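4 protein chains.
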Amino acid sequence: MKKSTSLLLTLFTFAFMIGQEHSHTGASAMTYPNIEGYVTLKTDLHMHSVFSDGNVWPTIRVQEALREDLDAISLTEHLEYQPHSEDIPHPDRNRAFDLALAEAAEHELLIVPGSEITRSAPVGHSNAIFITDANTLMESEAEKAFTAAKKQGAFVFWNHPAWYRQSPTGNPILSDFQKKRIANGELHGIEVINSMDYAEESLALALEQNLTIMGTSDVHGLIDWDYTEKGNHRPITLVFAKDKTLESLKEALFAGRTVAVYNDLLVGKAEYLKPLLEQCIKVNAVAYEMDTLVLRVELENVSSSDLLFENAMSYTFYSKPPIFTIAAGQTETLQIKTLEKVSNIDLKLKALGAFTAPKEQPIVEWNIVVE
Amino acid sequence: MKKSTSLLLTLFTFAFMIGQEHSHTGASAMTYPNIEGYVTLKTDLHMHSVFSDGNVWPTIRVQEALREDLDAISLTEHLEYQPHSEDIPHPDRNRAFDLALAEAAEHELLIVPGSEITRSAPVGHSNAIFITDANTLMESEAEKAFTAAKKQGAFVFWNHPAWYRQSPTGNPILSDFQKKRIANGELHGIEVINSMDYAEESLALALEQNLTIMGTSDVHGLIDWDYTEKGNHRPITLVFAKDKTLESLKEALFAGRTVAVYNDLLVGKAEYLKPLLEQCIKVNAVAYEMDTLVLRVELENVSSSDLLFENAMSYTFYSKPPIFTIAAGQTETLQIKTLEKVSNIDLKLKALGAFTAPKEQPIVEWNIVVE
Amino acid sequence: MKKSTSLLLTLFTFAFMIGQEHSHTGASAMTYPNIEGYVTLKTDLHMHSVFSDGNVWPTIRVQEALREDLDAISLTEHLEYQPHSEDIPHPDRNRAFDLALAEAAEHELLIVPGSEITRSAPVGHSNAIFITDANTLMESEAEKAFTAAKKQGAFVFWNHPAWYRQSPTGNPILSDFQKKRIANGELHGIEVINSMDYAEESLALALEQNLTIMGTSDVHGLIDWDYTEKGNHRPITLVFAKDKTLESLKEALFAGRTVAVYNDLLVGKAEYLKPLLEQCIKVNAVAYEMDTLVLRVELENVSSSDLLFENAMSYTFYSKPPIFTIAAGQTETLQIKTLEKVSNIDLKLKALGAFTAPKEQPIVEWNIVVE
Amino acid sequence: MKKSTSLLLTLFTFAFMIGQEHSHTGASAMTYPNIEGYVTLKTDLHMHSVFSDGNVWPTIRVQEALREDLDAISLTEHLEYQPHSEDIPHPDRNRAFDLALAEAAEHELLIVPGSEITRSAPVGHSNAIFITDANTLMESEAEKAFTAAKKQGAFVFWNHPAWYRQSPTGNPILSDFQKKRIANGELHGIEVINSMDYAEESLALALEQNLTIMGTSDVHGLIDWDYTEKGNHRPITLVFAKDKTLESLKEALFAGRTVAVYNDLLVGKAEYLKPLLEQCIKVNAVAYEMDTLVLRVELENVSSSDLLFENAMSYTFYSKPPIFTIAAGQTETLQIKTLEKVSNIDLKLKALGAFTAPKEQPIVEWNIVVE
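In order, the protein sequence lines correspond to chains A, B, C and D. First residue of the first sequence: 1, per full-length UniProt numbering; consecutive thereafter. First residue of the second sequence: 1, per full-length UniProt numbering; consecutive thereafter. First residue of the third sequence: 1, per full-length UniProt numbering; consecutive thereafter. First residue of the fourth sequence: 1, per full-length UniProt numbering; consecutive thereafter.
Calculated from the structure, these hints are not laboratory results. A quick note: this is a predicted structure, and the numbers were derived from the prediction, not measured. Just to be clear, a hint being listed does not mean it is correct.
No copy is singled out in the list; a pair is fine if it fits within one copy or between any two copies.
[What the hints assert, rightly or not] Under the rule of at most 30 Å between Cα atoms (straight-line distance), these lysine-lysine pairs were calculated in the DSS-like manner:
1) Lys269 to Lys348
2) Lys359 to Lys341
3) Lys144 to Lys242
4) Lys341 to Lys282
5) Lys244 to Lys282
6) Lys341 to Lys242
7) Lys151 to Lys230
8) Lys348 to Lys230
9) Lys150 to Lys320
10) Lys179 to Lys282
11) Lys150 to Lys230
12) Lys274 to Lys151
13) Lys244 to Lys341
14) Lys150 to Lys341
15) Lys269 to Lys244
16) Lys359 to Lys150
17) Lys274 to Lys144
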């Protein structure tokens, strides 16, 4: 029906103003330090909107990401599972991406084109991101979808391989299908954290098959309800990229430079996880307690993860048990009994919430000079 | 494309489980007491989903309402303003209602069919609820839309009449159009509270024209972002109905038995607002302080609104200033200096946050017996 | 018994370090703006330690005051009521003052010498502060104690005149004793707020007899337990002094330049309360909402009291009810419907929690220029 | 001076009412479960009042203990260090005990008579509790003080042996003096936790010398300032006694049945610490996730310590990392991948915050039956 321009303008302004308020970084913003040679990008590369089985318009996904200060997201709609298709016929599978891109226009947030290739076990679910056209991935044979993705230069990762609805043991099963995809260079990553689930066995698989380690929210409803209001941040993948561009992000993912993070759980290859943890802690003050051999060291956690540490030195502590937490954004004081005056010390702490392999936690070192 | 049943089932289960967690009453639940002869229904009868210019699937609106423990909602999509129509062609304007109804199937929440009739000033925006078919309201002449609504027995109310985008003074202007609608029995209510805005002049108009007093959220984005995370509840209309059914709700709205509420602001006709306030406060303990003439009275606020009171008795208080708040769900103690021992007392308090007319606040009375 | 110096030193260091941590301004610090011509001193001039019937060493009173960032305190021990005298024989009634003074040595906190003259009704309790020797006030006849205080130039105020243990009605009774003290220039102030109690009748008496209006904590136990952990600040007297010295404080008290404050309750003579409220609110931004006649005004409350206001203009508000609160330290936005564009406006608000006389609240004005 | 009875009564009532409010268990109450054969008593057996170098009257120590719901306290005033002696000549060193006992009269709190024997290194500080007369311990030779304590049947423990003011390395040094005391049966316990300090070396000493493991607050100021407002509970000693009497408490201390606790740090002999941890966790629900081999187990932490656990089974978890916390009073869900259906399972968790020896943490087991 006909409608006057002024009415449209009025209405648009109204909707715009309401949306606008949320286009800023909120109290739930996350922060992680860069590591040497790379910028650390906070990414969530698995999520859904009404364009598959999610419950929100793609713009909400952009606004949620801005509130948590993410650097990149991908709306990975199921190509084959379209429960809202009666209402959203949606012939163009790139549509969610287009809408998110428009919403993010004025912001620094990178929008990565992506789609979810969805099958029963043993094929399971996989995300293809950095695709050029989602429509061409809609093949009835899963193999062909992967081939099409490869042709587009996509980075493809296996979603929740341990999901007990597809694997009743709760363990990932590497089928011939996946083996072949890996052999063909058609599968490059694997979720070791999906929503609230972390599978050690998926981490083992990642290491064994040299797949990029991923963590994603896989959100369908609201980030606030699933995570924020319970005191959690969504799971993310930290990607160590040469700079903050889509190209660099893609290059880093293919190179496997990632750490998956869910609150105080950090999972990644030692070569990236250790430097990250090293940067997460700033040493702010060092001095001997007056007339003693007890060295006072102040450690500030500049990340958004509470970090749980275990003393890995032969020295013991004066006032802390050997296992202690430095909460996100907080400073803790260690009092190290050095037994004699030292002019520098190698502080060694095992990061108990960080895993470089199943049950393997890295020891992080900081050389500290006593003034 | 073809898709096996088991895959669909698996996926459905996944989505279902995530949604399910939120199908309960949350920390943000609201509660208001019944008044004599009526149950008090908490309603939000103005909101939007992706089926007009909102940003969420209708199911989210149901889940939000369940979290706040509302009794009834209406998805009042703009009939004429369909910014998502490219993606959601949406030939049936009853569709949002159908989806909300299905989501609410297992719950006590009433879903009221409704639509917004949307024009520039001076016609403005109006909601028709309790309609039987939204499609038949799509008329290019506004008058005809109202006539169609009336034919369906709809309850129609004027939305945000003071909205400064349509009335730059911020005051409602009763045009010939509205006058005629009222005269024809085609306009029955008026929003005095819309989102965060309360207009005294709209209240004056409600009283002058005997229109039902309404308060609504008019939410387009997320209730959490617009209200909850700022420490607010959404605006609602309390409706005093004979029982909790659609029929009774409709009867009560036509009869004008409402109070509009936004946090600590309550607006309604004295005949409903005074009994509501009376029930909001329970007198739990009454006794003289030992060996004194100071009467101790404990007052419990059983509502979800902080209630601001001013002493309206000749007696003064021992330990409180004459103006004081009883926070939602809390108990406060008054110590009344009765000067001599009395066996009962009329406690009289002016409710400063409650309005029965512009700048008119009711004095509420409780007869209290001293044991 | 004998004790080596090194042991004493060791022990002293231990105690010192523990005490030291609390010598800073805490989260519970209070702040109130200066008014024209005067600095605003936050004072609590009625409290007890173990040197009468309090339960803490005087140093704790100093530390509590530093945490709340008070400017002056007085330890007003009961001269005649010494329940701990068996353990603290305490021949010198100036002792609590001396200990507090030593504790405050490194701080800006003023310690005012004082004592409480304690009798049954009708004489009741009074504090004499700015005395030179508490011992000389220990007279069995109350009259003589007041005479001695006057001789020392003391400022004397009547404590909790409405206390229901001494006046079962909960109202102050001005006896011949007090009348004579006032006539003789021996009684200069009156508590209208004592601990959690505010008596309008005491305020009436203050105005009638031209007594300085006082608010005090009268703390015996811990400020934290009596006030802080319940979300309250202790009651204080704001004194408008020429500068922050004992002399100026004394001069201001004799001149009656005070406002008694307990959380959101402010009580004082209009000539001081109005300028205080004026300074409590900073106007930070003024502009018309685009294309409207609705003037947006941002008001910041720079005080530690939540301030409750009622619109006292003929203009109405767009988005707020006519009664609203600006919480301590927070900013609120008013949207004033000026009906036509104005270049300046007299913002007039009645401060509902502020009393210049029983049931009389001041209207405060700010002239605001629209740029 | 003379004082009328009615005045005294009036004043007493006033002080009484204020004190009374705090005679209840507060939000900071601690709770720990009993273990088989014993009741678990929460004790703080090292603290100070104005009767040595503390800053509060002994009644405050009782009120603080009631708020944290302790079962027993001891006011262990320094016999030899009396910085307030000018004001509190205090000829009877049992006085603080007497005053605390009177304050606790109406409560279940046990008051243990005690005193601190205070010397420079190498003798250091020790507490003698369950003494019959503190005065007889005031001997200039430390040996004689210990002999006197033994004669009274006292339980004696070494305070903060690692204190860096007496031992600059921050490590305890077992001198000939202590060796002799132990050999003579004059020293029975040792603080491994004192205020915020935990020394692994003190624990090693406790085990080597078979001394009872103690944790104490050693509070001089206010529990609220030193602990509560920072989100901590004071350190305590859990004592496993046959019943809640002074006799049983003493018997248990001599028998070494203790666990020292400071927030999430628990230190004790394995034979007491393991059963305590076992009781701290209640298994509330056990079932397989539908159609899976993932066993869902709900664990409730009924203690006031956050408990940090590491999976010590060969089974892995579905949704939690192998290291996780169950916060005080909270319930967490484990999803154990049992790979096949089992009818019962030995849940084994290493308690990372609990120490039975330096760096040795116990593995706790719960046999869980699957219904």
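Check: For which of the previously enumerated hints does the structure constitute a violation, in increasing order of number?
Finding: 3, 6, 7, 9, 10, 11, 12, 13, 14, 16, 17
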